[in-house]
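> Spelled out, the chains give:
Number of protein chains: 2
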Amino acid sequence: MPFRFTIERTAGAARAGVFTTPHGAVETPSFMPVGTLASVKAIDPDDLHAMRVQMILANAYHLHLRPGDELVRQLGGLHRFMGWDGPILTDSGGFQVFSLADLRRVDENGVEFKSHLDGSTRFFTPELVMRIERNLGADVIMQFDHVIPGQSDDVAARDASERSIRWLERCRAEFVRLDETGDATAAPYGEQALFPVVQGGIHEVLRREAASRTAAAGDFAGYGIGGLSVGEPKPETYRILEVMDESLPRERPRYLMGVGFPEDLIEGVRRGVDLFDCVAPTRMGRTGAAFTSLGRVNVKRAELRADGAPLDPNCGCPLCSRFSRAYLRHLVTSDEILGLRLLSLHNVHFLVALMRDARAAIRDERFARWSREWLERYYSGAASPSSPATTP
Amino acid sequence: MPFRFTIERTAGAARAGVFTTPHGAVETPSFMPVGTLASVKAIDPDDLHAMRVQMILANAYHLHLRPGDELVRQLGGLHRFMGWDGPILTDSGGFQVFSLADLRRVDENGVEFKSHLDGSTRFFTPELVMRIERNLGADVIMQFDHVIPGQSDDVAARDASERSIRWLERCRAEFVRLDETGDATAAPYGEQALFPVVQGGIHEVLRREAASRTAAAGDFAGYGIGGLSVGEPKPETYRILEVMDESLPRERPRYLMGVGFPEDLIEGVRRGVDLFDCVAPTRMGRTGAAFTSLGRVNVKRAELRADGAPLDPNCGCPLCSRFSRAYLRHLVTSDEILGLRLLSLHNVHFLVALMRDARAAIRDERFARWSREWLERYYSGAASPSSPATTP
Chain L
964 MPFRFTIERT
974 AGAARAGVFT
984 TPHGAVETPS
994 FMPVGTLASV
1004 KAIDPDDLHA
1014 MRVQMILANA
1024 YHLHLRPGDE
1034 LVRQLGGLHR
1044 FMGWDGPILT
1054 DSGGFQVFSL
1064 ADLRRVDENG
1074 VEFKSHLDGS
1084 TRFFTPELVM
1094 RIERNLGADV
1104 IMQFDHVIPG
1114 QSDDVAARDA
1124 SERSIRWLER
1134 CRAEFVRLDE
1144 TGDATAAPYG
1154 EQALFPVVQG
1164 GIHEVLRREA
1174 ASRTAAAGDF
1184 AGYGIGGLSV
1194 GEPKPETYRI
1204 LEVMDESLPR
1214 ERPRYLMGVG
1224 FPEDLIEGVR
1234 RGVDLFDCVA
1244 PTRMGRTGAA
1254 FTSLGRVNVK
1264 RAELRADGAP
1274 LDPNCGCPLC
1284 SRFSRAYLRH
1294 LVTSDEILGL
1304 RLLSLHNVHF
1314 LVALMRDARA
1324 AIRDERFARW
1334 SREWLERYYS
1344 GAASPSSPAT
1354 TP
Chain S
964 MPFRFTIERT
974 AGAARAGVFT
984 TPHGAVETPS
994 FMPVGTLASV
1004 KAIDPDDLHA
1014 MRVQMILANA
1024 YHLHLRPGDE
1034 LVRQLGGLHR
1044 FMGWDGPILT
1054 DSGGFQVFSL
1064 ADLRRVDENG
1074 VEFKSHLDGS
1084 TRFFTPELVM
1094 RIERNLGADV
1104 IMQFDHVIPG
1114 QSDDVAARDA
1124 SERSIRWLER
1134 CRAEFVRLDE
1144 TGDATAAPYG
1154 EQALFPVVQG
1164 GIHEVLRREA
1174 ASRTAAAGDF
1184 AGYGIGGLSV
1194 GEPKPETYRI
1204 LEVMDESLPR
1214 ERPRYLMGVG
1224 FPEDLIEGVR
1234 RGVDLFDCVA
1244 PTRMGRTGAA
1254 FTSLGRVNVK
1264 RAELRADGAP
1274 LDPNCGCPLC
1284 SRFSRAYLRH
1294 LVTSDEILGL
1304 RLLSLHNVHF
1314 LVALMRDARA
1324 AIRDERFARW
1334 SREWLERYYS
1344 GAASPSSPAT
1354 TP
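The listed protein sequences correspond, in order, to chains L and S. Those letters in the first sequence? Residues 964 to 1355, per the working numbering, in order. Those letters in the second sequence? Residues 964 to 1355, per the working numbering, in order.
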């Protein structure tokens, strides 16, 4: 069985595990950097290896539009195309169709939308998305789901959640069919695992129902938790994560989609989440914002102008181990590409190392204290007017 | 003596040498990538080392405006500021003042101009430029010179050339004074060498005169050749380079400023040039253009869409050794930062490796044939309608 999940140790709901895929093992909890267009923005696959990134994400919607999933298949699949030999997960485009594309029309068959690139009309069905993700050839592929705004009412949330469950069935049927036909149009590479996406908004009843119906639909290698961190208040997120922890199979990895920020990762791990992804570290890196162990820092701040200290004294990334805040600020304020690259490296390294530390804390039976102290330090730094992150 | 130049072998006017500086040796002929604002655009110092780049360039004008040469001095000088421990050369800002800045007014004392960043009025004198370059702390610093358009008439060229020679005297006096005072305002780091810049446009008489007067003005560790490749026809460039080869001291390195392209480098080496710099490889990298051994390639071309071959089959750079033309084209057409980074790496690697090959050919006594064959291959590839660089 090419997909396996082994839980080594728990701390309350938190788990230290190993998720095995055809392209290697992922030690969980783990953060997956996002390579939307088959490139983690500004970062090289060699950098990812050097930072000990284990699994990355790519976007079916974006790659379908550009350069085209058929082309990627033709060139040997995503791993070969982008020069990354580790595990990859592709999302299904559900989120992008509902957030980026214009003029969408949803019916039971699928979603009609206009491409955000050229306005051309497209129609995504669960079956088409499976074929796209098969062509891309990631290790883990997500089902096509119906995504709705974060604070949708019960009726809209139920409608979308139930449609997502029906679409899961169609995804699975197509996934099995593609696997069995294995003809010339199928991807020439290894086995894939289909993850369902559990929806239900912030409605506890819907979430429990979606979780149990999804789990009843088959034995999946892992589960996606969708529709969170989309604008709802944090306490709602945490409450729903606790519901998910109770209602999803414990022996499978849970992937909290599109999250996120350091504090969200720790709160997620506390509530039984194993995998995370988010564009935040690279997007922030391109705008001059940095995660540090003492809080978030705007690198353009005038106080950093002559500051010879590293950005984060507790960080061993390629930025902090070699360059000063002053140099980083100079690069960022001068729009030098090296600046956004170093900052993207730092932010990705920060989240990856954070999850590595969380894992070590779970294994060493000190997770509760570690996570409490970590968050205290993080918030104290951000709150301070003369932050230790900017005046060494 | 911290600056030394040893010629190991010659082939006609071409020389294979070693230029020793306080931060290490430079094997010549050599191409110096340009780090305008203390960063070779999109490239990390570690990348430079990996590509065996030996010496880089930075710009006094740009760094004076941003982040300020005083700040760089305060932070330990350019080497430490930008994390590059190899040799550095700074140009004097002469070229920038006359090409980028607005509303300049030249008199015998110096040049008044408006900053291209904020329009503020600035006044550069030879003395101020020496203090700027002293603060930056590069190994080699260029004199402040009067730069004029490429095809200026004899009167304008003579005026600028003679002024540059007078300014050389003032640069040297200030350079010596700064060295002797060595007070708190002086740079805290090692010895520097001042290179004159020989001007004279495309006027043979002026060039000979400038060269002999410059050489008579003192024993410099090397000589800059300015005012070429600024719009004049190639045969004029080559003719003037031959004049420079005859009239400059043979036992010192010659640095042809702002050049450039592969063919120009080879033609320069043939005429006794040892050092080159140009923004072309990184600038082209950011616009999707590549040097290859078979000619220049526009990476956005539709023919590359499904091309699984490396950009240049004869190249061992971080791009060509790992990625396909199809992936590179996808990155570049999608405005992915990784695309322009990989292309910048490739183009810099290409010129650096080209000069390494030229050096090996001189040492092995096969330079004439090597350079002829290299140029034939380069031009044939570019000329071909179904170029081997695009159809593997």
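Treat the hints with care, since some could be wrong.
A pair counts as met if it fits within one copy or between any two copies, since identical chains are not told apart.
Claimed, not checked - With a straight-line Cα cutoff of 25 Å, these simulated DMTMM-like cross-link-like pairs (lysine to aspartate or glutamate) come out:
no., residue 1, residue 2
1, Lys-1197, Glu-1226
2, Lys-1197, Glu-1336
3, Lys-1077, Glu-1336
4, Lys-1197, Glu-1339
Please keep in mind that the hints were generated in silico from the structure rather than gathered at the bench.
> Against this structure, judge whether each hint is valid.
Status of each hint after checking the structure:
1. Taking the closest pair of Cα atoms, Lys-1197 and Glu-1226 come within 25 Å of each other only inside a single copy of the chain (11 Å); across copies the shortest separation is 61 Å, beyond that limit.
2. Taking the shortest Cα distances, Lys-1197 and Glu-1336 sit within 25 Å of each other inside one copy (20 Å), while across copies they are farther apart (67 Å).
3. With identical chains, the CA atoms of Lys-1077 and Glu-1336 are never at most 25 Å apart, being 47 Å at best within one copy and 53 Å at best between copies.
4. In this assembly of identical chains, Lys-1197 and Glu-1339 lie within 25 Å of each other by CA distance solely inside one copy; the values are 17 Å within and 66 Å between copies.
Of the numbered hints stated above, the single one contradicted by the structure is hint 3.
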